[in-house]
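**Student:** Which chain is which? The protein sequence lines are V and F, in order. Number 160 marks the last residue of the first sequence (the working numbering); no jumps. Number 114 marks the last residue of the second sequence (the working numbering); no jumps.
One or more of the hints may lead you astray.
Computed far set for chain F versus chain V, every beta-carbon distance over 12 Å [said to hold, decoys possible]:
hint : residue
1    : Gln7
2    : Thr13
3    : Ala18
4    : Glu43
5    : Asp85
6    : Lys94
7    : Leu102
8    : Gly107
9    : Arg109
10   : Leu110
11   : Val112
12   : Gln113
Distance condition first, Cα-Cα at most 30 Å in a straight line; then the derived BS3-like pairs of lysine-lysine [unchecked claim]:
hint : chain 1 : residue 1 : chain 2 : residue 2
13   : V       : Lys101    : V       : Lys50
14   : V       : Lys101    : V       : Lys54
15   : F       : Lys57     : F       : Lys69
16   : V       : Lys54     : V       : Lys83
17   : V       : Lys101    : V       : Lys122
18   : V       : Lys83     : F       : Lys69
19   : F       : Lys78     : F       : Lys57
20   : V       : Lys83     : V       : Lys50
21   : V       : Lys110    : V       : Lys83
22   : F       : Lys57     : V       : Lys83
23   : V       : Lys110    : V       : Lys50
24   : V       : Lys83     : F       : Lys61
25   : V       : Lys54     : V       : Lys122
26   : V       : Lys83     : F       : Lys53
27   : V       : Lys83     : F       : Lys78
Far from chain F by the CB rule (all over 10 Å, computed), these chain V residues [claimed, not checked]:
hint : residue
28   : Val43
29   : Leu84
30   : Ala153
Calculated directly from the structure, the hints in this document are not laboratory data. Fair warning: this is a prediction, and the values are worked out from it, not measured in the lab. We put the beta carbon where it would ideally sit given N, CA and C, even for glycine.
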Amino acid sequence: EAGVAQSPRYKIIEKRQSVAFWCNPISGHATLYWYQQILGQGPKLLIQFQNNGVVDDSQLPKDRFSAERLKGVDSTLKIQPAKLEDSAVYLCASSLFAPGLAGGGAKNIQYFGAGTRLSVL
Amino acid sequence: GDSVTQMEGPVTLSEEAFLTINCTYTATGYPSLFWYVQYPGEGLQLLLKATKADDKGSNKGFEATYRKETTSFHLEKGSVQVSDSAVYFCALKGNTGRRALTFGSGTRLQVQP
Numbered sequence: 040e041a042g043v044a045q046s047p048r049y050k051i052i053e054k055r056q057s058v059a060f061w062c063n064p065i066s067g068h069a070t071l072y073w074y075q076q077i078l079g080q081g082p083k084l085l086i087q088f089q090n091n092g093v094v095d096d097s098q099l100p101k102d103r104f105s106a107e108r109l110k111g112v113d114s115t116l117k118i119q120p121a122k123l124e125d126s127a128v129y130l131c132a133s134s135l136f137a138p139g140l141a142g143g144g145a146k147n148i149q150y151f152g153a154g155t156r157l158s159v160l
Numbered sequence: 002g003d004s005v006t007q008m009e010g011p012v013t014l015s016e017e018a019f020l021t022i023n024c025t026y027t028a029t030g031y032p033s034l035f036w037y038v039q040y041p042g043e044g045l046q047l048l049l050k051a052t053k054a055d056d057k058g059s060n061k062g063f064e065a066t067y068r069k070e071t072t073s074f075h076l077e078k079g080s081v082q083v084s085d086s087a088v089y090f091c092a093l094k095g096n097t098g099r100r101a102l103t104f105g106s107g108t109r110l111q112v113q114p
């Protein structure tokens, strides 16, 4: 089966510019996550969607970051305006889990895309 | 809140050496525990997981045992290969509330021929 697709792979912008990332999850996966991975650190959750609804965006800097998942499939993450500290790899992940599915196990495994590496100059 | 602490790297080993990467966690209840691996230029891949105390996850010669009493999930491999060179991330997922992963900071493993 096809994995999580992300684009672009790399992006270089100047501070105060805007940028958008795209993610297409594995077909049928209800849950989609955006993580930010700063160099030398582990990924940190930015936002979690369940179908097209937001489950958790408590760590999303909402003054500059926004995300949407129209129709509950693919998703875009936008930064406007970008700051130097936004330089990171942005990872998208998806899992099968959906409300009403009993138990955990394989349904909760998160599958990651290759990420988009953003450099803000 | 939930947190994961990993030993700092890089860890440099010779081929066929024994590997241990320490991981401890803080969480309420009974989280699920994971090891993810990130090869150069690639995304995170699930290496192994354990969902309850005393479970042992294993894959590709790697093992980790969920130790509730010591809140640990150390990664081990008896004989590493050059191809195991990568960054390894320990992570947990709580069984209440949010279902996103909480990651450690990662440990880079370098295996020399």
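**Student:** Work down the list of hints and note, for each, if the structure agrees.
**Tutor:** Status of each hint after checking the structure:
Listed as a non-interface residue, glutamine 7 of chain F fails to keep its Cβ farther than 12 Å from every Cβ of chain V; the least gap is roughly 8 Å. A cut-off of 12 Å between C-beta atoms confirms that threonine 13 of chain F is not in contact with chain V; the least separation is 17 Å. Distance check on alanine 18 of chain F: its Cβ is at least 24 Å (rounded) from any Cβ of chain V, clearing the 12 Å threshold; non-interface status holds. A beta-carbon of chain V is positioned within 12 Å of the beta-carbon of glutamate 43 of chain F; the least distance is around 6 Å.
Its beta-carbon lying about 19 Å from the closest one in chain V, aspartate 85 of chain F satisfies the requirement of being farther than 12 Å from that chain. Look at lysine 94 of chain F: its CB is around 7 Å from the nearest CB on chain V, not clear of 12 Å, so calling it non-interface is violated. Against chain V, the non-interface label of leucine 102 of chain F is violated: not every CB pair exceeds 12 Å, the least being about 6 Å. Distance check for glycine 107 of chain F against chain V: the nearest CB is about 5 Å away, which does not clear 12 Å, and the non-interface claim fails.
For arginine 109 of chain F, the shortest C-beta to C-beta distance to chain V comes to about 9 Å, within the 12 Å cut-off, and the non-interface label is violated. Chain V leaves leucine 110 of chain F outside its interface by the beta-carbon criterion, the shortest separation being 15 Å against a cut-off of 12 Å. With 12 Å as the threshold on Cβ separation, the claim that valine 112 of chain F sits away from chain V holds: the shortest Cβ distance comes to roughly 20 Å. The beta carbon of glutamine 113 of chain F sits about 22 Å from the closest Cβ of chain V, which is more than 12 Å, so the claim that it is off the interface holds.
Simply put, lysine 101 of chain V and lysine 50 of chain V have alpha-carbon atoms about 21 Å apart, close enough for the 30 Å limit, and the pair holds. For a cut-off of 30 Å, the pair hint linking lysine 101 of chain V to lysine 54 of chain V stands: about 17 Å separates their Cα positions. Note on lysine 57 of chain F and lysine 69 of chain F: the hinted pairing holds, with a Cα-Cα distance of about 12 Å set against a maximum of 30 Å. Between lysine 54 of chain V and lysine 83 of chain V the CA atoms are separated by roughly 22 Å; this keeps the pair inside 30 Å, and the hint holds.
This hinted pair checks out: lysine 101 of chain V and lysine 122 of chain V have alpha carbons roughly 14 Å apart, not beyond 30 Å. Between lysine 83 of chain V and lysine 69 of chain F the CA atoms are separated by roughly 24 Å; this keeps the pair inside 30 Å, and the hint holds. Simply put, lysine 78 of chain F and lysine 57 of chain F have alpha-carbon atoms about 13 Å apart, close enough for the 30 Å limit, and the pair holds. Restraint check: the Cα-Cα separation between lysine 83 of chain V and lysine 50 of chain V comes to about 20 Å, which is no more than 30 Å; the hinted pair holds.
For the hint pairing lysine 110 of chain V with lysine 83 of chain V, the CA-to-CA distance comes to about 25 Å; that is within 30 Å, so the pair holds. Between lysine 57 of chain F and lysine 83 of chain V the CA atoms are separated by roughly 26 Å; this keeps the pair inside 30 Å, and the hint holds. A distance of roughly 26 Å separates the Cα atoms of lysine 110 of chain V and lysine 50 of chain V; the hinted pair therefore holds under the 30 Å criterion. Between lysine 83 of chain V and lysine 61 of chain F the CA atoms are separated by roughly 27 Å; this keeps the pair inside 30 Å, and the hint holds.
The straight-line distance between the Cα atoms of lysine 54 of chain V and lysine 122 of chain V is roughly 5 Å, inside the 30 Å bound, and the hint therefore holds. Proximity of lysine 83 of chain V to lysine 53 of chain F is assessed by CA-CA distance (about 24 Å); at most 30 Å being required, the pair is judged to hold. Pair hint lysine 83 of chain V plus lysine 78 of chain F holds up; C-alpha atoms about 27 Å apart against a cutoff of 30 Å. For valine 43 of chain V, the condition that its CB be more than 10 Å from all CB atoms of chain F is violated, with the nearest at approximately 8 Å.
The claim that leucine 84 of chain V lies off the interface is violated: its Cβ sits roughly 4 Å from the closest Cβ of chain F, which falls inside the 10 Å cut-off. Not every CB of chain F is more than 10 Å from the CB of alanine 153 of chain V (nearest about 4 Å), against its label as outside the interface.
The structure does not agree with the numbered hints 1, 4, 6, 7, 8, 9, 28, 29, 30 stated previously, though it agrees with the rest.
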